[in-house]
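Residue numbers (the working numbering), protein chains in the order written: chain A, 1 to 280; chain B, 1 to 296.
It should be emphasised that the hints constitute simulated quantities derived from the structure, not laboratory data. Some hints here could point you the wrong way.
[Unchecked claim] Covered stretches of chain A (chain B as the covering partner; in silico rule of three or more C-beta atoms under 8 Å from a C-beta of chain B):
#	stretch
1	144-154
2	168-177
3	210-222
[Unchecked claim] Beta-carbon label-pair distances, calculated as ranges:
#	chain 1	residue 1	chain 2	residue 2	range
4	A	Ala261	B	Gly140	38 to 44 Å
5	A	Val106	B	His82	46 to 52 Å
6	B	Gly140	A	Phe12	51 to 57 Å
7	A	Pro267	B	Pro26	51 to 57 Å
8	B	Leu128	A	His87	34 to 40 Å
9	A	Pro132	B	Gln153	32 to 38 Å
10	A	His87	B	Ala90	30 to 36 Å
Using N, Cα and C, we set each Cβ at its ideal position, and we do this for glycine too.
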Amino acid sequence: MGALLDPLQFAFFQRGLAAAVMVGLVTAVVGSYVVLRGLAFMGDALSHAAFPGVVAAYLVQGPFYLGAAIAAIGSALAIGWVSRRGHLRSDTAIGVIFAGMFALGVFLFSTIHRYVGDLFGFLFGEILAISPADLVGLLLLGGGVLAVMALLWKELLYATFDPLGAGASGLPVAALDYLFLALIAVTIVVSVQTVGIILIVAMLVTPAATAQLLTSRFSSMIVIAIAVGVISPVVGLYVSYWLDTASGATMVLVETAVFLAALALGPRTGLLRVRRAAAG
Amino acid sequence: MSAVDAGRAHAAEDHQHHLHAAAEAPATIVLRGLTAGYDDRAALEGIDLTIRQGSLTAVFGPNGGGKSTLLKVIAGLLRPWHGEAEILDAPPGEAARRIAYVTQAELVDWSFPVSVWDVAMMGRYPALGLVRRPGPVDRGAVHLALEQVGMAQHARTQIGQLSGGQRRRVFLARALAANPELYLLDEPVTGVDATTQEDLMDLLEAEARRGKTVVATTHDLACAASRFHDVVALNRTVIAHGPSELVLDQEVLRQTYGGHLLVLGQQAVLLDDAHHHDEAAPGEAHHHEGQPRSSA
Numbered sequence: 001m002g003a004l005l006d007p008l009q010f011a012f013f014q015r016g017l018a019a020a021v022m023v024g025l026v027t028a029v030v031g032s033y034v035v036l037r038g039l040a041f042m043g044d045a046l047s048h049a050a051f052p053g054v055v056a057a058y059l060v061q062g063p064f065y066l067g068a069a070i071a072a073i074g075s076a077l078a079i080g081w082v083s084r085r086g087h088l089r090s091d092t093a094i095g096v097i098f099a100g101m102f103a104l105g106v107f108l109f110s111t112i113h114r115y116v117g118d119l120f121g122f123l124f125g126e127i128l129a130i131s132p133a134d135l136v137g138l139l140l141l142g143g144g145v146l147a148v149m150a151l152l153w154k155e156l157l158y159a160t161f162d163p164l165g166a167g168a169s170g171l172p173v174a175a176l177d178y179l180f181l182a183l184i185a186v187t188i189v190v191s192v193q194t195v196g197i198i199l200i201v202a203m204l205v206t207p208a209a210t211a212q213l214l215t216s217r218f219s220s221m222i223v224i225a226i227a228v229g230v231i232s233p234v235v236g237l238y239v240s241y242w243l244d245t246a247s248g249a250t251m252v253l254v255e256t257a258v259f260l261a262a263l264a265l266g267p268r269t270g271l272l273r274v275r276r277a278a279a280g
Numbered sequence: 001m002s003a004v005d006a007g008r009a010h011a012a013e014d015h016q017h018h019l020h021a022a023a024e025a026p027a028t029i030v031l032r033g034l035t036a037g038y039d040d041r042a043a044l045e046g047i048d049l050t051i052r053q054g055s056l057t058a059v060f061g062p063n064g065g066g067k068s069t070l071l072k073v074i075a076g077l078l079r080p081w082h083g084e085a086e087i088l089d090a091p092p093g094e095a096a097r098r099i100a101y102v103t104q105a106e107l108v109d110w111s112f113p114v115s116v117w118d119v120a121m122m123g124r125y126p127a128l129g130l131v132r133r134p135g136p137v138d139r140g141a142v143h144l145a146l147e148q149v150g151m152a153q154h155a156r157t158q159i160g161q162l163s164g165g166q167r168r169r170v171f172l173a174r175a176l177a178a179n180p181e182l183y184l185l186d187e188p189v190t191g192v193d194a195t196t197q198e199d200l201m202d203l204l205e206a207e208a209r210r211g212k213t214v215v216a217t218t219h220d221l222a223c224a225a226s227r228f229h230d231v232v233a234l235n236r237t238v239i240a241h242g243p244s245e246l247v248l249d250q251e252v253l254r255q256t257y258g259g260h261l262l263v264l265g266q267q268a269v270l271l272d273d274a275h276h277h278d279e280a281a282p283g284e285a286h287h288h289e290g291q292p293r294s295s296a
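Excised from the complex, chain A in its bound form (with noise of 0.2 Å):
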């Protein structure tokens, strides 16, 4: 019992605490979505796309997540620009942006010649870190983007099913398409502290990616998805301040622990199930 209260008593463990908590929240719940509209290499993209926001707002001495949302919503816009000005598939075209930005953030990054530890912490995540100030934005844009998806959750769900469906009888599809990347951008604005720009698309696709193997059920989907999501996360947190390892890689391999631990003992693909089978 002490192992898990002592750490609490450290405001930075518990800052720590409710940023993954919220974050894993956010995460589970776009990244169903993300799940479900194909859009994993673009989280990925849009991730990796805000690193040169992220530097030049550390050179301009301005707000991180100002720099960060200019560029994923950027090059959101400038990947959907791309792919239908050059009659590219959209992968293409996210492949190009996604590489070219995250080149963009490396070469600026080399221009600066002193310590530089901070930017380190948005590349792989630096949840212990997080200032009060930054907990209490984190929490809002959170808040927001789950506000959004909750007074939108049936039109993205039909938009998501079947666009020509759901187009024909007056859902906005092209509107909705763009809203979600932008939520996507700002999910990503409110992880990149916690688990870094490299690994995002871990918590964005993985709880989503185990619901999936345990159900066929939306409504479960976003249930199991939301308990992988927050609870991976504070596990992980907790087992990085024992292990003195990096709290947003120790997050991700636990969510990919619980994903392959579904994968091992789910009704659809597990191993015990398929053994059953041969033995009867």
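The hints should help you fit chain B onto chain A, whose structure is shown.
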């Protein structure tokens, strides 16, 4: 006057030769000089077509003849390049809440984690607006629609577990639950068993009798001739439009299908892909052209 000419005159003179009671009904769909397509490739050219309230119309023609494109233009999903379109007395897309569109089965991701009930409920979403959640009225409408198509006992089933015919029934239930004035159905009877085809056509016929307008694309000429009241022969443009007997007219068929038709005495045999795959494994998709959704 050949049947083709009759069909053209029929279209041009706004159904004046038509003896159906529907001839006096107001127009639900009016297209004039309409051209539409994708990128720089036209799929439809010079379409003049008037479809009246209460009609049960099949659109037939070869693959790539523009059947689905015509439906998309009417549904407001594709903006025409030229010409005028008036759907339910409004520009395309404006009267969307009074339209139900049934998507081609091949364009649907059947592994999507939704149940029969969830899909039928989607028909109620557009009228609900943003904040409201489905209430007792919506649940009643969904239950009734599922009863009508004979799927109420499968309400909790994930859609991937259904047969081809059951999948079509569920999508028709979604349309019925929306209580629209205009039904647009892309290949509603393709790849379904005979019983399902009869059941679906009975329902659509009943809707038309209630004053709803039904327009469906089909590959199935026998179904078009026997179960629909009117037909539109389409190959990039309207070849003929008139009562469903036009489907049996060899001159209409020759002009619509060109070389893909084998004429044996009085019988015409269509060498098109009229055979479909009801026995497809659950979750197996038959993609032919386009993608179900864009990812950017």
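Here is what the structure says about each hint:
Counting residues of the stretch 144-154 of chain A whose beta carbon lies closer than 8 Å to any beta carbon of chain B gives 3, which meets the minimum of three for the stated coverage. Under a criterion of three residues with beta carbons nearer than 8 Å to beta carbons of chain B, the stated coverage of the stretch 168-177 of chain A is upheld, 5 such residues being counted. Judged by the Cβ-Cβ criterion of 8 Å, the stretch 210-222 of chain A is covered by chain B as claimed, because 6 of its residues qualify and three suffice. Distance hint check for Ala261 (chain A) and Gly140 (chain B): the Cβ-Cβ separation is about 42 Å, which falls inside the suggested range of 38 to 44 Å.
The hinted range of 46 to 52 Å is satisfied by Val106 (chain A) and His82 (chain B), whose Cβ atoms lie roughly 50 Å apart. Checking the proposed 51 to 57 Å range against Gly140 (chain B) and Phe12 (chain A) shows it holds: the Cβ atoms sit about 54 Å from each other. The hinted range of 51 to 57 Å is satisfied by Pro267 (chain A) and Pro26 (chain B), whose Cβ atoms lie roughly 54 Å apart. Distance hint check for Leu128 (chain B) and His87 (chain A): the Cβ-Cβ separation is about 37 Å, which falls inside the suggested range of 34 to 40 Å.
The given range of 32 to 38 Å is broken by Pro132 (chain A) and Gln153 (chain B), whose C-beta atoms sit roughly 56 Å from each other. The supplied range of 30 to 36 Å is met by His87 (chain A) and Ala90 (chain B), whose beta-carbon atoms lie about 32 Å from each other.
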